[in-house]
Amino acid sequence: MPLNASALREWTFEPRHQTYTDRETLLYAMSVGFGADPLDVRELPFFYERDLKAVPTMAAVLCHLGAWTVDPRTGITRSKVVHGEQRLTFHAPLPAAGHLVANSRVIGAEDKGADKGALVHVERVISNADTGEALATIVQTSFCRADGGFGDSFGPTFTPHALPERAPDLVVDTATRLDAALLYRLNVDRNPLHVDPEAATRAGFPRPILHGLCTYGIGARLVISKLLNYAPERLRAFDVRFSSAVFPGETLSFEFWRDGDVISFQAFVRERGKKVLDNGRALVG
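In terms of our numbering, the sequence shown opens at residue 1 and continues consecutively.
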């Protein structure tokens, strides 16, 4: 059914607080592939609590809003929702442990048509709860595949980052674990779509899919390791569009372009001929 734009315009979120420790930081890093080679000392700061560094994209799972779209007032068909786009701007390095607060709001909804679904954009600003320092701003776009046709779009629209029209400067293939979704869901997102075959079938998939944010975090890991010499503090923004599902165990093939302080990227599952990430943009310092 069409979503309820008037309800979304007025939607309010209570501030979300979270205290996290090195345990959450270690889990996130390992869930996106750091430590796959435990003897690689360059990765030690991401999976060993001594001199621990947080992967910046861990901000995406902190002060999480939970399954708020299940509220019937939204008009959203929860079983048909997938992650559409993710934008993350970093204002300061994410601490390896800390006390955070997030303030969130629905900033827009786009009607793509009755047979094309809708996009809902939610902004979440995460700050240090003790000092008030802003750490990251997240804009998460949900693709509500069954909820177009409401005819009342509002808020901003986002122009996808244009990829360079030349051969990539770097191509990296990386395998995902068969249990990647089972590990990643321990961060925060326990949507049954990623673990329950029946839930995946209801959503139109042949089997459970990998979290889009896990694929997103894998991309950040490759940027940090292959292009930033393992310096996560150099990552200033990380944006992407999710274009197709990934199944745990598949090999991801990333293509990267470097143009000054902008790294463009996309990713494929070659064996299925599917592009899974598109219009990727990392801003680095």
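Worth flagging that the hints you see were computed from the coordinates, not collected in a lab.
Beta carbons: idealized from backbone N, C-alpha and C, even for Gly.
Fair warning: there could be bad hints in the mix.
[Claimed, not checked] Below, simulated EDC-like cross-link-like pairs (lysine to aspartate or glutamate); rule was C-alpha separation at most 16 Å, straight line:
# : residue 1 : residue 2
1 : K80       : E250
2 : K275      : E250
3 : K226      : D173
4 : K226      : E43
5 : K274      : E250
6 : K226      : E255
7 : K53       : E43
[To be verified] Simulated restraints on C-beta separations:
#  : residue 1 : residue 2 : range
8  : T21       : G113      : 26 to 34 Å
9  : L182      : E10       : 34 to 42 Å
10 : T12       : A231      : 34 to 42 Å
(request) Give me the numbers of the hints this structure contradicts, sorted from smallest to largest. (result) 1, 8
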